[in-house]
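These protein sequence lines map, in sequence, to chains A and B.
Our numbering numbers the first residue of the first sequence as 33 and each following residue consecutively.
Our numbering numbers the first residue of the second sequence as -18 and each following residue consecutively.
Simulated from the structure, these hints should not be mistaken for lab results.
A virtual CB, placed ideally from N, CA and C, is assigned to each residue, including glycine.
Treat the hints with caution; some may be incorrect.
Just so you have them, the derived chain B footprint on chain A, three or more residues with Cβ under 8 Å [stated by the list, open to error]:
no., segment
1, 105 to 112
2, 170 to 179
3, 185 to 195
4, 199 to 206
Calculated pairs, DSSO-like style, for lysine-lysine (alpha carbon to alpha carbon, straight line, at most 30 Å) [what the hints assert, rightly or not]:
no., chain 1, residue 1, chain 2, residue 2
5, A, Lys96, B, Lys98
6, B, Lys313, A, Lys188
7, A, Lys96, A, Lys188
8, A, Lys184, A, Lys139
9, A, Lys96, A, Lys184
10, A, Lys139, B, Lys313
11, A, Lys201, A, Lys169
12, B, Lys194, B, Lys98
13, A, Lys204, A, Lys96
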Amino acid sequence: MKKAIMFAIMICVARSAVDLDVASQRKKRSQPAGRVTEGFQVSALANNELVVSGEPASLRVRIKNVTNNVLYLAEVGVEKDYEIRISRDVSGTIPLTEHGRVLRNTKGDFYSNVGLSINPGQEREDVLEVSNIYDMKVPGNYWIIVERKVAKLGAKGVALAESNTVHIKVTKRP
Amino acid sequence: MTRVPLNLVGWLDGLDTPIILNATSNTSAWQTAYYDSGYNTGPYSVSADWSVDSSAISASPDGLHTTTVTADEPGNGCVSGNMGSQERYAWDGRDCYDLNFSEPIGDTGCTQVASVKIYLNGSTNVTDTTQNVIVGQQINLSIHVDGTTITPDHIQWSVPGNRIANYAASATSGTVTRLLNLQTSSLTFYWVDGGEARQVQMSCRIAGAQFDKIATFNVKRPTAQIMTTTGTPDVFTPSHGGLQGLLSLAYGEPSPGTPGIKFTKSVSFPQGFSGDIEWLQVVDQTTRTRTTNADVVEQRQGSGLLDIFYFYPSDTNGTQDSPGVSLTTAYKAISVNDNFIMYLMFVPTGTSGTPIYVPLRQVTWSWSGSAFRVGSSNNWVRNAVSNTANPQDADVTDCPQWSANLSSIDYH
């Protein structure tokens, strides 16, 4: 009898774990994303929505070809591929880090500059460490949107594919 | 008072311990006579009937002064030499009495039969065998001792070929750890280059006994080739890539345009092995100079840097690069001199341990150019440009190293 109860408990625990996994999969699938722009959709997700001041705050950013055609995507490095729009609930501008200032000062410089063919449904994922570019040490709520240049379909020029808004709360160091 | 007038003591000498498996050691029988007076004579060589107590050793011949002990299998073993017996007497100061018993004369010597083997990954005996392995595979060799608990010393490994202790690579650094300590009981390393019939030798001593062992490795390596197609640097406005829509001094433009340099590959894996292939580009040396309108010359310079990506992005067509710099009214002159090395990297899959990426082929390439602005608007005139036209690939067996990422280098 005792064994039977234990077995039943184990089944329940295993089932719960499976359900949780399925739920997290669903959550992943329904991850918020920006609107489709020239065949691409950009989505961003905080690696950790609650960050202690001074710890890295990073996003998992994805860009997906949502068309039925092969599209080309320019890649120059995640820090230049994505332009960051960041704001917070405390007034004042969010300063660049030293690395952020280097990025800005070398904005027109390109070393790796690649054009990749992206198949229908294919996506590319990067980790963008926002706190490496913007100083996020001040505790508070931060809202971040990333933008990426994509080539216009059937026309010259570029359009900006925008992600969903990501919230990261920076807390005081205990 | 009863005293013993004479006592014959038998003993053995010469037996080594440990004895190396399949080796021999001689031992001989001796007797010494001890008298009650304190006087003794000998030693005398005597013959003995020889016997052993375990299958670890055997003794032959029998019945002679010296026998040869052969180490048959790892373990402990004792050899006994029976040298007969002696009748015991006592002396009371006046008469000698027979004590009516006899005592055997002999001695026993014990030894250990030791064998030393080279093990791969802690469990596979690879001594005197040939193993097929592949570059980038973690090789864990260790000394396995049977028959004795004595720890080996004076260890010395010899590993031919280009081998390293480790290769740690990330977006910020790529570092090779050389294999320097070859005196350890276990040895972990990676081969970077391939080669057939590589003999790894290991020598050590156990209680002074010398052991020399060999394991042979066929180090497989994928065959690969990189093909390149190059364009021409120029001042123009790219229609694709990071500089799209910006007047630039650039080496081509990314696909679907014509890249400055395009890399395609062909790779063939050795039979029985699989792995992954990646591209990796290192900035061997770069100098970019820009002159502000106030005639301040700013320079961005560096060497031994990772070119942004770990690993370099690619698609089914291979990879490419179209470096350049945008030309704006903020500057009046720009010059670029970039030197790169593109690597084709391989990591095995399905092998034991933690594999590392190793290089297969490399392409060294460069481009340079300069331009100056005319007038107050954004009109730029190109000076001389150059590039390595369709550079050939080459074999490489040194892992690429870098000390920083290019993105950390600023203009000064």
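Violated hints, by number in ascending order, as checked against the structure: 2, 4, 5 and 13
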